Amino acid sequence: MEKKELYPFLKDIQIKITQNDNQQDLIMVYDKVDEVIKDHDFYHQTPYFLSEWLILKEQVLRSDSESLGYFERFLENIMYESATGVYSAYADSNP
Numbered sequence: 108m109e110k111k112e113l114y115p116f117l118k119d120i121q122i123k124i125t126q127n128d129n130q131q132d133l134i135m136v137y138d139k140v141d142e143v144i145k146d147h148d149f150y151h152q153t154p155y156f157l158s159e160w161l162i163l164k165e166q167v168l169r170s171d172s173e174s175l176g177y178f179e180r181f182l183e184n185i186m187y188e189s190a191t192g193v194y195s196a197y198a199d200s201n202p
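Under my numbering, the first residue of the sequence shown is numbered 108, with each subsequent residue one higher.
Worth flagging that the hints you see were computed from the coordinates, not collected in a lab. Only a predicted model underlies this, so the values are computations on that prediction, with no experimental measurement involved. Watch out, some of these pointers could steer you wrong.
Said to hold, decoys possible - Restraint-style ranges between C-beta atoms, simulated for each label pair:
| no. | residue 1 | residue 2 | range |
| --- | --- | --- | --- |
| 1 | Pro202 | Glu165 | 38 to 44 Å |
| 2 | Glu109 | Leu161 | 23 to 29 Å |
| 3 | Glu173 | Asp148 | 15 to 21 Å |
| 4 | Asp119 | Ser195 | 17 to 23 Å |
| 5 | Arg169 | Ala198 | 30 to 36 Å |
| 6 | Ser189 | Asp132 | 17 to 23 Å |
| 7 | Ile162 | Lys139 | 15 to 21 Å |
| 8 | Glu173 | Pro202 | 37 to 43 Å |
| 9 | Glu183 | Asn127 | 15 to 21 Å |
| 10 | Glu183 | Met108 | 16 to 22 Å |
| 11 | Asn201 | Lys164 | 17 to 23 Å |
| 12 | Lys164 | Pro202 | 14 to 20 Å |
| 13 | Leu157 | Met108 | 17 to 23 Å |
Claimed, not checked - Below, a list of computed lysine-lysine pairs in the DSBU-like style, where the Cα atoms sit at most 35 Å apart:
| no. | residue 1 | residue 2 |
| --- | --- | --- |
| 14 | Lys145 | Lys110 |
| 15 | Lys145 | Lys123 |
| 16 | Lys123 | Lys164 |
| 17 | Lys123 | Lys139 |
| 18 | Lys110 | Lys164 |
| 19 | Lys118 | Lys145 |
| 20 | Lys139 | Lys118 |
| 21 | Lys111 | Lys123 |
| 22 | Lys111 | Lys139 |
| 23 | Lys145 | Lys164 |
| 24 | Lys164 | Lys139 |
| 25 | Lys111 | Lys164 |
| 26 | Lys110 | Lys123 |
| 27 | Lys145 | Lys111 |
| 28 | Lys118 | Lys164 |
| 29 | Lys110 | Lys139 |
Beta carbons: idealized from backbone N, C-alpha and C, even for Gly.
Turn these sequences into a full structure, and let the hints guide you.
This is the structure:
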């Protein structure tokens with residue numbers, strides 16, 4: 108998936124997880140997002156991002172009530188953090 112396609116993909120994921128609080132689905136969605144983003148430069152070249160993403164997986168697997176909030180905030184970070192370039196790639200392709 109190209110970087111410009113990540114923003115709408117992640118936005119759609121974010122909407123779906125806020126409408127469904129099933130913990131199994133949350134783990135599945137984490138894995139789906141992980142599979143898509145690991146092909147991008149920010150996944151490996153931003154140490155803070157990578158370490159926080161891996162920590163987030165542990166939080167999601169804990170299956171507590173805060174897991175959804177952590178995941179939703181991290182999706183926001185992927186979409187809007189300038190270090191990832193996801194939003195700017197989307198904005199550049201959709202003037």
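For each hint, the structure was consulted:
| no. | hint | in the structure |
| --- | --- | --- |
| 1 | Pro202 with Glu165: 38 to 44 Å | holds, 39 Å |
| 2 | Glu109 with Leu161: 23 to 29 Å | holds, 24 Å |
| 3 | Glu173 with Asp148: 15 to 21 Å | violated, 30 Å |
| 4 | Asp119 with Ser195: 17 to 23 Å | holds, 19 Å |
| 5 | Arg169 with Ala198: 30 to 36 Å | holds, 35 Å |
| 6 | Ser189 with Asp132: 17 to 23 Å | violated, 30 Å |
| 7 | Ile162 with Lys139: 15 to 21 Å | holds, 19 Å |
| 8 | Glu173 with Pro202: 37 to 43 Å | holds, 38 Å |
| 9 | Glu183 with Asn127: 15 to 21 Å | holds, 18 Å |
| 10 | Glu183 with Met108: 16 to 22 Å | holds, 19 Å |
| 11 | Asn201 with Lys164: 17 to 23 Å | violated, 30 Å |
| 12 | Lys164 with Pro202: 14 to 20 Å | violated, 35 Å |
| 13 | Leu157 with Met108: 17 to 23 Å | holds, 18 Å |
| 14 | Lys145 with Lys110 | holds, 11 Å |
| 15 | Lys145 with Lys123 | holds, 21 Å |
| 16 | Lys123 with Lys164 | holds, 18 Å |
| 17 | Lys123 with Lys139 | holds, 13 Å |
| 18 | Lys110 with Lys164 | holds, 22 Å |
| 19 | Lys118 with Lys145 | holds, 17 Å |
| 20 | Lys139 with Lys118 | holds, 14 Å |
| 21 | Lys111 with Lys123 | holds, 20 Å |
| 22 | Lys111 with Lys139 | holds, 17 Å |
| 23 | Lys145 with Lys164 | holds, 14 Å |
| 24 | Lys164 with Lys139 | holds, 12 Å |
| 25 | Lys111 with Lys164 | holds, 24 Å |
| 26 | Lys110 with Lys123 | holds, 20 Å |
| 27 | Lys145 with Lys111 | holds, 15 Å |
| 28 | Lys118 with Lys164 | holds, 19 Å |
| 29 | Lys110 with Lys139 | holds, 15 Å |
The earlier numbered hints that this structure contradicts are 3, 6, 11, 12.
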